[in-house]
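Take the given structure of chain U and dock chain D to it, following the hints.
Number of protein chains: 2
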Amino acid sequence: MFVCQGFAASAADQPLKPFEFERRDVGEHDVRIEILYCGVCHSDLHQARNDWSNSLYPMVPGHEIVGRVAEVGAAVTKLKAGDYAGVGCLVDSCRRCAACEADLEQYCEEGPTPTYNGRERGKDALTFGGYSDQIVVEERFVVKVPETMDLKAVAPLLCAGITTYSPLRHWKVGPGSRVGVIGLGGLGHMGVKLAKAFGAHVTMITTSPGKGEDAMKLGADEVLISTDESAMGQAKASFDFLLNTVPVGHDLNPYAALLKLDGTMVLVGVLTPVEPLAGASLIMGRRSVAGSAIGGLAETQEMMDFCAEHGVLPDIEMIAMQDINEAYERLLKNDVRYRFVIDMATLKEAAVAN
Amino acid sequence: MFVCQGFAASAADQPLKPFEFERRDVGEHDVRIEILYCGVCHSDLHQARNDWSNSLYPMVPGHEIVGRVAEVGAAVTKLKAGDYAGVGCLVDSCRRCAACEADLEQYCEEGPTPTYNGRERGKDALTFGGYSDQIVVEERFVVKVPETMDLKAVAPLLCAGITTYSPLRHWKVGPGSRVGVIGLGGLGHMGVKLAKAFGAHVTMITTSPGKGEDAMKLGADEVLISTDESAMGQAKASFDFLLNTVPVGHDLNPYAALLKLDGTMVLVGVLTPVEPLAGASLIMGRRSVAGSAIGGLAETQEMMDFCAEHGVLPDIEMIAMQDINEAYERLLKNDVRYRFVIDMATLKEAAVAN
Chain U
0 MFVCQGFAAS
10 AADQPLKPFE
20 FERRDVGEHD
30 VRIEILYCGV
40 CHSDLHQARN
50 DWSNSLYPMV
60 PGHEIVGRVA
70 EVGAAVTKLK
80 AGDYAGVGCL
90 VDSCRRCAAC
100 EADLEQYCEE
110 GPTPTYNGRE
120 RGKDALTFGG
130 YSDQIVVEER
140 FVVKVPETMD
150 LKAVAPLLCA
160 GITTYSPLRH
170 WKVGPGSRVG
180 VIGLGGLGHM
190 GVKLAKAFGA
200 HVTMITTSPG
210 KGEDAMKLGA
220 DEVLISTDES
230 AMGQAKASFD
240 FLLNTVPVGH
250 DLNPYAALLK
260 LDGTMVLVGV
270 LTPVEPLAGA
280 SLIMGRRSVA
290 GSAIGGLAET
300 QEMMDFCAEH
310 GVLPDIEMIA
320 MQDINEAYER
330 LLKNDVRYRF
340 VIDMATLKEA
350 AVAN
Chain D
0 MFVCQGFAAS
10 AADQPLKPFE
20 FERRDVGEHD
30 VRIEILYCGV
40 CHSDLHQARN
50 DWSNSLYPMV
60 PGHEIVGRVA
70 EVGAAVTKLK
80 AGDYAGVGCL
90 VDSCRRCAAC
100 EADLEQYCEE
110 GPTPTYNGRE
120 RGKDALTFGG
130 YSDQIVVEER
140 FVVKVPETMD
150 LKAVAPLLCA
160 GITTYSPLRH
170 WKVGPGSRVG
180 VIGLGGLGHM
190 GVKLAKAFGA
200 HVTMITTSPG
210 KGEDAMKLGA
220 DEVLISTDES
230 AMGQAKASFD
240 FLLNTVPVGH
250 DLNPYAALLK
260 LDGTMVLVGV
270 LTPVEPLAGA
280 SLIMGRRSVA
290 GSAIGGLAET
300 QEMMDFCAEH
310 GVLPDIEMIA
320 MQDINEAYER
330 LLKNDVRYRF
340 VIDMATLKEA
350 AVAN
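Sequence lines, in order, name chains U and D. Per numbering that gives the first Met the number 0, residue 0 is the first one in the first sequence, and the count goes up by one each step. Per numbering that gives the first Met the number 0, residue 0 is the first one in the second sequence, and the count goes up by one each step.
Misleading hints may appear alongside valid ones.
Which copy? The list can't say, so a pair holds if one copy fits it or any two copies do.
Straight-line Cα separation of at most 27 Å, BS3-like style, residue types lysine-lysine; simulated pairs [to be verified]:
| no. | residue 1 | residue 2 |
| --- | --- | --- |
| 1 | K259 | K171 |
| 2 | K235 | K122 |
| 3 | K259 | K210 |
| 4 | K171 | K195 |
Calculated from the structure, these hints are not laboratory results.
Chain U extracted, bound-state conformation:
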């Protein structure tokens, strides 16, 4: 075991504060990463504040981790000291079930081990995330980051990137696809960029004309304002695929009506109940509503390499570690375009300041 520095929540109603904790020594298959940047996912806030009633404290949030490999175990082949590496939402899984064998560790039948707010596999020890100086993760759960990439912007790819990449790939979005991205936040803005990179015709569907303008700057081809009944009526049955990134319960029926015959709407942002869906919204047009969770490790690597090749990166706002509590307040007001990233070089001064 060795000592790490980080920022942690000690209870649902407490701000994050400096926190010292231990991580395991580097095992045969492990990689130790010096964390350079960590993205701030909306779910960090939900979990730090126990919004989902499953929080384990103390909690070091952060699952959009990027850094430099400092040390590798004897059996590690994919990475070496000095490489850039990323860690996303998962740090372990059972490795034996059908999902794991299909490289879909996120759907591990025994449940994958989350990067934070979980327990190390088969142990009582809590997992601690990326709001920290270092992390030790088994090679299988580490992504290699091409050296050509802008590291600080890479961090959000590990969650927001793969969460939108995976369903666009699974449902075969490509040239000729008419795609609608519902909601413009951390996920939505990556959805627009990735769907464009796949060659699709992309419409941002938002309640806010201002966000529509922003989406055009991000590369969207069109904007559809969902509160404009006439525009929604004209857009009926015109989309092959809808990526729904809205993070709260809402009425799916007006969006389902936008789908063509055999079209699919995929939920990636909302875990809680949506409003009652009318059977007819799906039956009339053989439409589907599906869900998708992040991606497996092989696909996360594929996504990283795709983003490097096509120059796809999120728009970020850098913050210092000591600004995290203020950043959470701004997140609650959707006041971020489109992802906060913590510069982990500020961790030491934050520890002193607090």
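Just chain D now, with coordinates in the frame of chain U:
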């Protein structure tokens, strides 16, 4: 025009009574069928009583029609006088849209013409259904019924049969598939028989142990009682495909949990809103909820030929025309195993008796 005899509802609160009306003469592409049997679909009752607020009166219900071809137009090639023929839920569509061109007339972009409770394409004249002695339908919308089939049991294939056949085919149910059929009524019992005929392992999922026993007699391999929390827990993530035939709003979440990774639940019975679905029910397992409506005419013919070849027919209870109002009351109490079929030979005496 020529005069036909039938049974019609004259208003939402009126019983069905004898009714005389006119049908068009046989055109170049038309087929005139002497109706021998007509199935009683639950939607007949909904529409006769204006439950969906879209009823047009007078209404002659009936879209599970089977009979003998009496006359064909000069351009008809598929059928000749003396053949057995069937008519389902549709009698026309635009023929030009992408759906029609893909033989999916049920999803016609301009809306297909329903067999009853609609208007003839481009005209004011109402369409009248199969609770009658004859019908004239364009060849494209007529299915040829193999002579070897038990005609009276064929009738429900035209709606209950194709409604369950089409999604089982579309989602590629076959040997090795683990299929759950939710709800045992007219649709559910056909779902069990067809999924078995496709080679799947079939579980009847029902609230009622009695219906479970019935399902075993119909060929189901297993029964899962949906009110048994322990059994539902053990069955989690064990189905590739769920055919949900429940005709009223209900909670989909416990059923979604039964789906394996990438599994699909298809709604075929419920047009109205279902209870709020949790996003997590779909996201955790990349599950889908979809809808499916009847089938196109080519697929309806394929279904008919498949049922002839594999000896798949519904369990029916024959009724006389004058018993239709009583049959509706029994339908409301689910007191039918599993489909009423009207013997149209009783129409004349019913007209006299009323």
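Hint-by-hint comparison with the structure:
no.: 1; hint: K259 / K171; verdict: both (15 Å within a copy, 21 Å between copies)
no.: 2; hint: K235 / K122; verdict: between (52 Å within a copy, 26 Å between copies)
no.: 3; hint: K259 / K210; verdict: within (25 Å within a copy, 37 Å between copies)
no.: 4; hint: K171 / K195; verdict: within (13 Å within a copy, 31 Å between copies)
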